[in-house]
Amino acid sequence: MDIGPVRRRLTAEPISSPVPGEDSPEREPVMIEPAVEHDDPETVATSRT
Amino acid sequence: MTLPPLDPVRRAPVASAPGVPDLPAPILGWRTWRVGRRAQRRTELVAPLAGITWPARQPMIATCGSPRHAPPGDRCACGLYAVTDPGTLEWGPSDHEVLGVVALWGQVLEGARGWRASHAYPRFVLTGPAIPGEQRAALARRYGVPVHRSEIPPRGLAALLGPDADVLRHGEIAEVEAVLAAHMPGWAERWEAQRRKAEAAAARRPWWTALRGRR
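Taken in order, these protein sequences are the chains called U and D.
Just so we're aligned: the first sequence equals residues 1 to 49 in my numbering.
Just so we're aligned: the second sequence equals residues 50 to 264 in my numbering.
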């Protein structure tokens, strides 16, 4: 079987398992980091100008 | 070495966040298996070249003899194969080879005509007239996927599917059944016409040309 020249590598993680009767593959939730608040006076002063 | 993912349009590397998959669904492609003739192996789907039995109700996970990489390797032929066009599949001499759509996931290398993946499981199987109904039913029970009957040998069917191959590849179970039921008589008719034409051409050839392949 020939798939021809390779174009790219990718990852596929199905939300529901393609295997009958098997639970979905475990996936770590993607955490979005909260924005860091700066109370550095210099930063505040700069933003006001 | 890992190839960076490429934007298919611009052919430039695409930045992707680590840990976030590129696709939330499996890739679906065509491939072949062989089913056993002996009683012990009649309900097994076997990789035609490697001779390895695909496990039932658990993922087939690719292995490689090289300790340097995990399948699919960029510079290796390892991984579980599938193609977009079933007409490009290679077939052996066995009438127990079957056609099917397979789900691929995990690490996947995308080629111009298909994929090599780390994980796979059959989605549905199409068997030819050589596989009896009770064997089809046993295969379906064991693997938990539909096993359909084709009125013509799977290699012939693979060449005749044309645009319907994509409909079948991405179709839900009911849609696959409907397409097969609607189109099978036409495919069988075309297959029979091709077979008769090939026989007539063979009959017109001088008798001594048949001896050439025997040396």
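No lab work stands behind these hints, which were simulated from the structure alone.
Just to be clear, a hint being listed does not mean it is correct.
[Claimed, not checked] Some chain U residues close to chain D (C-beta under 7 Å, calculated; not the full set):
1) Ile-3
2) Pro-5
3) Arg-9
4) Pro-14
5) Val-19
[Claimed, not checked] Partial chain U-side listing against chain D, Cβ under 8 Å, derived:
6) Asp-2
7) Arg-8
8) Leu-10
9) Glu-13
10) Pro-20
11) Gly-21
12) Glu-22
[Said to hold, decoys possible] Distance ranges between label pairs, derived from CB positions:
13) D:Ala-223 / U:Glu-22: 16 to 26 Å
14) U:Ile-15 / D:Ala-250: 50 to 60 Å
15) D:Ala-88 / U:Gly-21: 36 to 46 Å
16) U:Pro-5 / D:Arg-117: 32 to 42 Å
Predicted model only: the values in this text are computed from it and were never measured.
By construction, the Cβ of each residue, glycine as well, lies at the ideal position given by its N, Cα and C atoms.
Let me make sure I understand: some of the numbered hints might not hold for this structure. Which ones are they, in numerical order? 15, 16
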